[in-house]
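Student: The primary structure of each chain is shown beneath.
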Amino acid sequence: MDIKDRILKLQPEATFEEQGDLIAVVAPGKFRALMEALRNEGDKMDYLREIMGLDNGTELGAVYYLESTATYEQIAVKTMTPDRENPMLPSVCDLWKTAEIKEREVYDFFGIRFLNNPDMRRIFLREDWKGYPLRKDYDMNSNPLNMENEVNADEGDEFVIDSYGSVEDLKNKIFDRNDFVVNIGPQHPSTHGVLRLRTSLEGEMVKKIDPVCGYIHRGIEKMAESMTYPQTLAMTDRLDYLSANQNRHALCMCIEKACGIEIPERAKYIRTIIDELQRIDSHLLYYSCLVMDMGGLTPFFYGFRDREMVLDILEDTTGGRLIQNYYVIGGVQADLHPEFQTKVKAFIKHLRGIIHEYHEIFTGNVIARERLIKVGMLSREDAISLGTTGGTGRASGWHNDVRKHHPYGMYDQVDFKEIVYDGCDSFDRYMVRMDEIMESMNIIEQLIDRIPEGDYKVKTKPIIKLPAGTYSASVETSRGEFMAIIVSDGGKSPVRLHFRSTGLPLVHALDTVCRGNKIADLIAIGGTLDYVIPDIDR
Amino acid sequence: MKEPKIKSIPYSEFKDNEYLENMVAELNKDGVNVIVGKLDDLINWGRSNSLWSLTFGTSCCAIEFMALGAARYDMARFGFEVTRNSPRQADMIMVLGTITYKMAPVLKRLYDQMADPKYVIAIGGCTISGGPFKNSYHVVPGIDKIVPVDVYVPGCPPRPEAFYYGMMQLQRKIKLERFFGGVNRKEKEEDIQDESED
Ligand code: SF4
Numbered sequence: 000m001d002i003k004d005r006i007l008k009l010q011p012e013a014t015f016e017e018q019g020d021l022i023a024v025v026a027p028g029k030f031r032a033l034m035e036a037l038r039n040e041g042d043k044m045d046y047l048r049e050i051m052g053l054d055n056g057t058e059l060g061a062v063y064y065l066e067s068t069a070t071y072e073q074i075a076v077k078t079m080t081p082d083r084e085n086p087m088l089p090s091v092c093d094l095w096k097t098a099e100i101k102e103r104e105v106y107d108f109f110g111i112r113f114l115n116n117p118d119m120r121r122i123f124l125r126e127d128w129k130g131y132p133l134r135k136d137y138d139m140n141s142n143p144l145n146m147e148n149e150v151n152a153d154e155g156d157e158f159v160i161d162s163y164g165s166v167e168d169l170k171n172k173i174f175d176r177n178d179f180v181v182n183i184g185p186q187h188p189s190t191h192g193v194l195r196l197r198t199s200l201e202g203e204m205v206k207k208i209d210p211v212c213g214y215i216h217r218g219i220e221k222m223a224e225s226m227t228y229p230q231t232l233a234m235t236d237r238l239d240y241l242s243a244n245q246n247r248h249a250l251c252m253c254i255e256k257a258c259g260i261e262i263p264e265r266a267k268y269i270r271t272i273i274d275e276l277q278r279i280d281s282h283l284l285y286y287s288c289l290v291m292d293m294g295g296l297t298p299f300f301y302g303f304r305d306r307e308m309v310l311d312i313l314e315d316t317t318g319g320r321l322i323q324n325y326y327v328i329g330g331v332q333a334d335l336h337p338e339f340q341t342k343v344k345a346f347i348k349h350l351r352g353i354i355h356e357y358h359e360i361f362t363g364n365v366i367a368r369e370r371l372i373k374v375g376m377l378s379r380e381d382a383i384s385l386g387t388t389g390g391t392g393r394a395s396g397w398h399n400d401v402r403k404h405h406p407y408g409m410y411d412q413v414d415f416k417e418i419v420y421d422g423c424d425s426f427d428r429y430m431v432r433m434d435e436i437m438e439s440m441n442i443i444e445q446l447i448d449r450i451p452e453g454d455y456k457v458k459t460k461p462i463i464k465l466p467a468g469t470y471s472a473s474v475e476t477s478r479g480e481f482m483a484i485i486v487s488d489g490g491k492s493p494v495r496l497h498f499r500s501t502g503l504p505l506v507h508a509l510d511t512v513c514r515g516n517k518i519a520d521l522i523a524i525g526g527t528l529d530y531v532i533p534d535i536d537r
Numbered sequence: 000m001k002e003p004k005i006k007s008i009p010y011s012e013f014k015d016n017e018y019l020e021n022m023v024a025e026l027n028k029d030g031v032n033v034i035v036g037k038l039d040d041l042i043n044w045g046r047s048n049s050l051w052s053l054t055f056g057t058s059c060c061a062i063e064f065m066a067l068g069a070a071r072y073d074m075a076r077f078g079f080e081v082t083r084n085s086p087r088q089a090d091m092i093m094v095l096g097t098i099t100y101k102m103a104p105v106l107k108r109l110y111d112q113m114a115d116p117k118y119v120i121a122i123g124g125c126t127i128s129g130g131p132f133k134n135s136y137h138v139v140p141g142i143d144k145i146v147p148v149d150v151y152v153p154g155c156p157p158r159p160e161a162f163y164y165g166m167m168q169l170q171r172k173i174k175l176e177r178f179f180g181g182v183n184r185k186e187k188e189e190d191i192q193d194e195s196e197d
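From first to last, the protein sequence lines stand for chains Z and R.
Residue 0 is where the first sequence starts when you use numbering that gives the first Met the number 0, and the numbers rise one by one after that.
Residue 0 is where the second sequence starts when you use numbering that gives the first Met the number 0, and the numbers rise one by one after that.
By construction, these hints were calculated from the structure, which means they are not laboratory data.
Check the hints yourself; a few may be wrong.
Derived, one-sided and incomplete: chain R residues facing chain Z with beta-carbon distance under 8 Å [to be verified]:
#1 K37
#2 F55
#3 S58
#4 A75
#5 R76
#6 K101
#7 M102
#8 P104
#9 Q112
#10 S128
#11 F132
#12 V138
#13 V139
#14 V146
#15 P147
Pairs of lysine to any residue residues, derived as SDA-like cross-links and limited to a Cα-Cα distance of at most 25 Å, are as follows [to be verified]:
#16 R:K144 to Z:E147
#17 R:K144 to Z:R112
#18 R:K133 to Z:A233
#19 Z:K135 to Z:R112
#20 Z:K170 to Z:G490
#21 R:K117 to Z:A233
#22 Z:K342 to R:K107
#23 R:K133 to Z:R320
#24 R:K144 to Z:T459
#25 R:K133 to Z:S492
#26 Z:K348 to R:K107
#27 R:K107 to Z:R320
#28 Z:K129 to R:K107
#29 R:K144 to Z:L144
#30 R:K107 to Z:D175
#31 R:K133 to Z:G490
#32 R:K133 to Z:K517
Nothing here was measured: the structure is a model prediction, and the numbers come from that model.
Idealized CB from N, CA, C, for every residue including glycine.
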């Protein structure tokens, strides 16, 4: 059945926006019933990809992107409320766990309260922050730099409607007076950035983890609203810098889709190859960091030795080592370096010949196996409900590779395996990455000799105007599904630019994964989940 | 001792650094006691070649710092491969990456926890001026608003070679300092100034 008919059958009053993405619009009163039906009936939409808060100047609301893990069908649902003083929407966090944290994000930026969400605290900004920065009427000078140390509340708010129809604030305890709470971060070498985890312990076992984000919240989404489209591209590289090119790929595709730019074949090949090189780069770093977190130093040097070779290849062509600013709207910035192909082939030959060293020193190591196998279990249901895409989801048996199921670039023309394990533990999460390195090399080998001659980009105007509508594009980055969503009113800068963070669901999953494990394993589990903090905080 | 010189790094290898020139001029003007001066040299030689840094990477620039630690760039050659995770054991803080409003009090606190003499290196556009995020509502436009900075290394991210250049400038500065009295007294004066500003 067509998705539109299905929604109309469930909710006859729904209207549709068809500019760009197909979005079903329903009133807040009807919203909850529709979401329940989509989640539980027929082709279950059991994966909530993203919630994007929205302020269109008069109304506040949110757009929910859903996908079915069986059919890979997608739909977006939007609901808006005109109440700007006290905006409230029903929560869906009992249907999809990932909504718990994403609704907190929307609350933080837009001040929309979600009824029945058990924990309506701010997540990125300080608890004493005034106002909601992504609202259109936010005063940019209302929060000067505050050098006081932040105090964190031990209670979260839950807003419910009581039997008289008025809103009541239940105070939920996050930590009890008797809990033994250890604070990890924000300045900690093994949290992979400035993540802070408030962890309560029962003896040596983790009882609960409360992640505190926002230490690297740079306000990228708000800044983008006053930039032209080509300018917004510069921000994506700095989100998840280990997937810099892949992130940029998503945003470029989104803009190209919106204004109907067809990019040349050559650019498509180049983008796909560079994406895969980046994936190898990222997974090598993953290996190095994971092993270092667990106390091994030699493998760190292995990973970096080979990573430097990838960086050299990328630097020849793009001019940058880490932040490359290479993709542009309509293609890529510059043509490939003349030696690109030979160097890539030499690198692949080298890595294939040497990767056994990685496995000899770490994969088969007794200590590593003891600390990874059957530790940090994440079931398939939880993985889907928490929206942990990428390698973490695939290690739990969830087939979620965007390259496979919604192909972009050249991925529909190459033959590659989607690496899926079903051990659900830390070790399989590690193995997924190691196998993906091999698979990426496989993809590159299929493309490297077939790069067609021709232009590497099409000419575009310096100021690009997108037709009004909502557009989205997603890619498989090194650590999951990354999505760029643009809401345009036809102008030269976006009304709203939103990125799906690959890391936020992973950090949210820490609580589920680590409960009942030893505190010493927390760091190793965090290492296998593989998140990058600036991408979470944006 | 008149004419203090900078040991071990040929002067011509560096571009002009007015700040250091002024420091030399000042030292020359006041003159230094011979014995104390020699001891200073010795101590500073030791200090400058064993800088222990507090790891303080918040974002992209920190990844380049990791590359410094690996074999290709190998920072052990210059004696600053020892990174500390506690501010109490560190000589300097290398700020790598954007500092946001939420992070600012943490940075200040870490800086305050370090023992004198202590140094700050600001790496990357973000720490110098807010970099690409200058206009944001949540980014500190330059960490010199919070802590005194000794060396700035521009770049986004700076290349590993630029890291070295910055580090060697710091070593150079340390070699010029008067450890006995000078360094510590300087800190106290700053503290007093800070208080009067508040
Ligand atoms: S200066 Fe550039 S590379 Fe460094 S943290 Fe800032 S954005 Fe990242």
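Student: Failing hints, ascending?
Tutor: Violated hints (numbers, rising): 1, 4, 5, 9, 10, 14, 15, 17, 20, 21, 22, 24, 26, 27, 30, 32; every other hint is consistent with the structure.
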